[in-house]
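Enquirer: Line by line, the protein sequences are chains A and B.
According to numbering that gives the first Met the number 0, the first sequence is numbered sequentially starting from 0.
According to numbering that gives the first Met the number 0, the second sequence is numbered sequentially starting from 0.
What the hints contain is simulated information worked out from the structure, not anything from laboratory work.
Accuracy of the hints is not assured; some may be wrong.
Calculated Cβ distances over 12 Å to all of chain A for the following chain B residues [to be verified]:
id, residue
1, Lys146
2, Gln171
3, Gln185
4, Ser207
5, Arg229
6, Val254
7, Glu289
8, Ala296
9, Glu368
10, Asn378
11, Leu387
12, Arg405
13, Ala419
With the Cβ distance kept under 8 Å, some of the chain A side facing chain B (calculated, not the full set) [what the hints assert, rightly or not]:
id, residue
14, Pro57
15, Arg58
16, Asn60
The C-beta atom is built at its ideal place from N, Cα and C for all residues, glycine as well.
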Amino acid sequence: MPSFFLRDARLPQILFLSLFLVLGVATRDWSLHWELVTLNFLVCLGTQAALSYLTRRPRWNLLSAMVTPLSLSLMLRSHTAWAVALAAFLAIASKFVFSSNGKHWFNPANFGIVLSLLLTQETWISNGQWGTAAGLVLCFAALGGLITRRVGRLDTSVVFLLTYGGLELMRVLWLGWTLDVWLHRMSSGSLWLFAFFMLTDPRSIPNALWARMLWAGAIALSTFALQNFWFVPDALFYALFGMSLVTALVDRQWQAPRFEWQGSVRGAHPVY
Amino acid sequence: MLRGLLALLGAIAIIFSPTSPVFAFCGFYVAQADAKLFNRASQVVIARDGNRTILTMANDYQGELKDFALVVPVPVVLKQEQVRIGDQNIINRLDAFSAPRLVEYFDENPCDAVVLRAVPAPSSAALESAVANQGNAARLGVTIEEKFSVGEYDILILSAKESDGLETWLTQNGYRIPAGARSLLQPYIRQQMKFFVAKVNLKEFSRSGAQSLRPLMMAFESPKFMLPIRLGMVNANGTQDVIVYLLTPRGQVEVANYRTVKVPSNVTIPVYVKTEFGRFAQAMFQTAYEREGRNVAFLEYAWDMSNCDPCSAEPLTPEELRQAGVFWLDGDRPTHSLAPSRRPVRQPPTSRAYITRLHVRYTRDRFPEDLIFKQTNNNELFQGRYVLQHPFRGTATCEAAKAYQRSLPKRLEREAQTLANLTNWDITTIRRRMNLSSLDAIPFWRRLWR
Numbered sequence: 000m001p002s003f004f005l006r007d008a009r010l011p012q013i014l015f016l017s018l019f020l021v022l023g024v025a026t027r028d029w030s031l032h033w034e035l036v037t038l039n040f041l042v043c044l045g046t047q048a049a050l051s052y053l054t055r056r057p058r059w060n061l062l063s064a065m066v067t068p069l070s071l072s073l074m075l076r077s078h079t080a081w082a083v084a085l086a087a088f089l090a091i092a093s094k095f096v097f098s099s100n101g102k103h104w105f106n107p108a109n110f111g112i113v114l115s116l117l118l119t120q121e122t123w124i125s126n127g128q129w130g131t132a133a134g135l136v137l138c139f140a141a142l143g144g145l146i147t148r149r150v151g152r153l154d155t156s157v158v159f160l161l162t163y164g165g166l167e168l169m170r171v172l173w174l175g176w177t178l179d180v181w182l183h184r185m186s187s188g189s190l191w192l193f194a195f196f197m198l199t200d201p202r203s204i205p206n207a208l209w210a211r212m213l214w215a216g217a218i219a220l221s222t223f224a225l226q227n228f229w230f231v232p233d234a235l236f237y238a239l240f241g242m243s244l245v246t247a248l249v250d251r252q253w254q255a256p257r258f259e260w261q262g263s264v265r266g267a268h269p270v271y
Numbered sequence: 000m001l002r003g004l005l006a007l008l009g010a011i012a013i014i015f016s017p018t019s020p021v022f023a024f025c026g027f028y029v030a031q032a033d034a035k036l037f038n039r040a041s042q043v044v045i046a047r048d049g050n051r052t053i054l055t056m057a058n059d060y061q062g063e064l065k066d067f068a069l070v071v072p073v074p075v076v077l078k079q080e081q082v083r084i085g086d087q088n089i090i091n092r093l094d095a096f097s098a099p100r101l102v103e104y105f106d107e108n109p110c111d112a113v114v115l116r117a118v119p120a121p122s123s124a125a126l127e128s129a130v131a132n133q134g135n136a137a138r139l140g141v142t143i144e145e146k147f148s149v150g151e152y153d154i155l156i157l158s159a160k161e162s163d164g165l166e167t168w169l170t171q172n173g174y175r176i177p178a179g180a181r182s183l184l185q186p187y188i189r190q191q192m193k194f195f196v197a198k199v200n201l202k203e204f205s206r207s208g209a210q211s212l213r214p215l216m217m218a219f220e221s222p223k224f225m226l227p228i229r230l231g232m233v234n235a236n237g238t239q240d241v242i243v244y245l246l247t248p249r250g251q252v253e254v255a256n257y258r259t260v261k262v263p264s265n266v267t268i269p270v271y272v273k274t275e276f277g278r279f280a281q282a283m284f285q286t287a288y289e290r291e292g293r294n295v296a297f298l299e300y301a302w303d304m305s306n307c308d309p310c311s312a313e314p315l316t317p318e319e320l321r322q323a324g325v326f327w328l329d330g331d332r333p334t335h336s337l338a339p340s341r342r343p344v345r346q347p348p349t350s351r352a353y354i355t356r357l358h359v360r361y362t363r364d365r366f367p368e369d370l371i372f373k374q375t376n377n378n379e380l381f382q383g384r385y386v387l388q389h390p391f392r393g394t395a396t397c398e399a400a401k402a403y404q405r406s407l408p409k410r411l412e413r414e415a416q417t418l419a420n421l422t423n424w425d426i427t428t429i430r431r432r433m434n435l436s437s438l439d440a441i442p443f444w445r446r447l448w449r
């Protein structure tokens, strides 16, 4: 792979997410509107540019703002333009509003998804949209692994999947189900896409390795609990949202150099 | 809280049978050995708003009534007032309303019929003695929580501590459990499920004047929105079909742990299919099922219940909707819910009911997990709709008619291809049925030098 491509992990991330979007539309039965995907991009980029200008950021970082609409389009469904626009706006705005120590608290797409689910009756998550294909899981893991390794956050995905998988395994064994129930739960495409492409945003997760691992484990635990005891199908997103609230606290506890995208301006201003 | 957390929605029944593979949509039937059972596509209606659920199970039992008994796990202990007799006509109405347009093949599907061998059911005396024999039940960890009669059904609600105890209790009381069922009972027991055991009271049945067993309706509150199908697959090697009509105040219902895929729709197919729509619909479903990897739920219909376009049957009246279990039509008055509620949640008044019709064909290997449903905010309307376009056969001499005639073979060929693709039928046979000479059969020079 060309070096410029790998230098900034956002480039392969944008490429892979676009690939998944095309893959999903072509091979899966998604009710996706291209005009809403376009709107999503326009609002995200527009909000990023406007808020960067208003807050006098030295760089607008439009590349980061390309990842968010892709994630939103992949994970959040809607037929309503204003709801899509709202989710996109909230996602990007959250980076500017909820930030400290040069980092934003929430994964922007996750923030947009959760807020739009809570505030509107126009969006939904299609949890089973990828099905449970092994090939797809491998694809997400391989491409996601490439990026997360590049940004040094592979540990987060691995700890999350191991913890969640372990908890699910214990539950399945305790209940007396056969192992194929566990395999079925673990081969959900949505789970792996989340683990590699939403959980690992280096700009919003703890910097220190041990903090990150603890954090990923806590998300896995809350996902497991929300799913199995409170029967919340969208548990992944709420778990990440909840744990994001404590990221700032965790970072204060375990100091480590914060993540910078390659080529960003380091210094007084936070990079979005 | 614990009960709420562990409560499991849905109903499961399993057929008990000692020898042959047994099938039922989600559970056990118990019947006599020489009784013949036909298990057609099972039908379940779930009306749900928040945690409140009214579940209706259509009874497709075809054997001797005196041999009938049913074991259905339920999420909570049900009292008499939470169980009602439903109306099969309402389920038929829902089926007709939501069926693929011009198609009503789910009513009659003898090809899918499975002849079941069944086992002796407990006699009424056995059931009575079972109730009397509380001490033994307690020793086995089985508790008879409730005992009541509703319509033609005598019902017991059991709870169990261990699957061994439940199995022993059921065996002692005349039920025979198929091999492998015990291990499948365990997960439900551990999730604090109760077991709903019903058998037919023949006196009541003859008094009701009904021709066949009427559907059972149950009302309960549970955060879990699912249909356990796993228990019904004990010993089963073949495919089983379940059609679930999900009624909600708004939005489509999807399956959260499997893909939900729309059935092929809005396609133009040869007109001769009109006379064999049932066969077409079955072949199309089977082809789509194979093509999608045999592990998806098919969306066949998603619509607001107040209208339809085109209508395959008149929309259900508010009264019919109520009979189907829709309890929110009167706004926030919870009186129509059969389930007692300690904390009535005030819902905004709505007169809407949205129907999602899901068709799941499942096997043990491709559907290891129970179906978990999820209500979405997706208000998109969808229907299985198949277009028959009759070609103009009169005489016409204008230029446009000539162009039309020239274009016709291609169009008809396209229809033939579509049909072959949808159903996996032999294209040559389709062309013959359409009286269509294959384009390939025309020598190339004739096309060049016409």
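Enquirer: Name the hints, by number, that the structure is in violation of.
Expert: 3, 5, 6, 8, 9, 10, 14, 15 and 16
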